[in-house]
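A.B. asks: Sequence:
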Amino acid sequence: MKTRVLTIYEKLFEGEAKEVILPGCDGEVCVLDFHQPFLYRLRSGYVKLRTASSAMPGQERNIFIKDGVAALQDNSLDILVEG
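Take 1 as the starting number for the sequence shown in the working numbering and just add one per residue.
The set of hints was computed from the structure by calculation and includes no laboratory data.
Note that CB positions come from ideal geometry on N, CA and C, so glycine has one too.
Don't take each hint at face value.
Think about it this way: if two alpha-carbon atoms lie no more than 25 Å apart in a straight line, the pair counts; the simulated PhoX-like pairs of lysine-lysine are [stated by the list, open to error]:
hint: 1; residue 1: K66; residue 2: K11
hint: 2; residue 1: K48; residue 2: K18
hint: 3; residue 1: K18; residue 2: K66
hint: 4; residue 1: K18; residue 2: K2
hint: 5; residue 1: K48; residue 2: K66
hint: 6; residue 1: K48; residue 2: K11
hint: 7; residue 1: K66; residue 2: K2
hint: 8; residue 1: K48; residue 2: K2
Using C-beta positions, here's what the derived DEER-type ranges look like [what the hints assert, rightly or not]:
hint: 9; residue 1: L39; residue 2: F13; range: 26 to 32 Å
hint: 10; residue 1: E28; residue 2: E82; range: 25 to 31 Å
hint: 11; residue 1: F34; residue 2: Y9; range: 28 to 34 Å
hint: 12; residue 1: N62; residue 2: Y40; range: 14 to 20 Å
hint: 13; residue 1: D26; residue 2: D78; range: 28 to 34 Å
hint: 14; residue 1: N62; residue 2: K2; range: 26 to 32 Å
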């Protein structure tokens, strides 16, 4: 799925991800390709991304956030955070 992690100042990540684990207010949420559309509030913690790029498939990247919001629609995940 297309994935972007953004602050108001910069783009922390943009690319294809096959799995994203979000630190939600009710616990961690795992998002895979073609997940049902949602809008979700995030708490302080790590956004864990597993990339789908052919150069480095399965590479993990962890991004610490203070809080934020995640929205998924049409297999595109936008994560707006306070980093």
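A.B. asks: Take the hints in turn and mark each one as holding or not.
C.D. replies: Cross-check of the supplied hints:
For the hint pairing K66 with K11, the CA-to-CA distance comes to about 16 Å; that is within 25 Å, so the pair holds. Restraint check for K48 and K18: satisfied, since their Cα atoms lie roughly 11 Å apart, inside the 25 Å limit. Between K18 and K66, the direct Cα distance comes to roughly 23 Å. Compliance with the 25 Å bound is thereby established for this hinted pair. This hinted pair checks out: K18 and K2 have alpha carbons roughly 9 Å apart, not beyond 25 Å.
For a cut-off of 25 Å, the pair hint linking K48 to K66 stands: about 14 Å separates their Cα positions. For the hint pairing K48 with K11, the CA-to-CA distance comes to about 16 Å; that is within 25 Å, so the pair holds. Taking the CA atoms of K66 and K2, the gap is about 22 Å. The hint holds against a cut of 25 Å. Only pairs whose Cα atoms come within 25 Å are accepted, and K48 paired with K2 is accepted, the gap being roughly 15 Å.
A C-beta distance of roughly 19 Å is found between L39 and F13, which places it outside the suggested range of 26 to 32 Å. Remark: the range hint 25 to 31 Å for E28 to E82 is contradicted by a beta-carbon distance near 19 Å. Between F34 and Y9 the CB atoms are about 31 Å apart, so this pair conforms to the stated range of 28 to 34 Å. In this structure the supplied range 14 to 20 Å holds for N62 paired with Y40, their Cβ-Cβ distance being about 18 Å.
Between D26 and D78, the C-beta spacing of about 20 Å breaks the proposed range 28 to 34 Å. Remark: the range hint 26 to 32 Å for N62 to K2 is contradicted by a beta-carbon distance near 19 Å.
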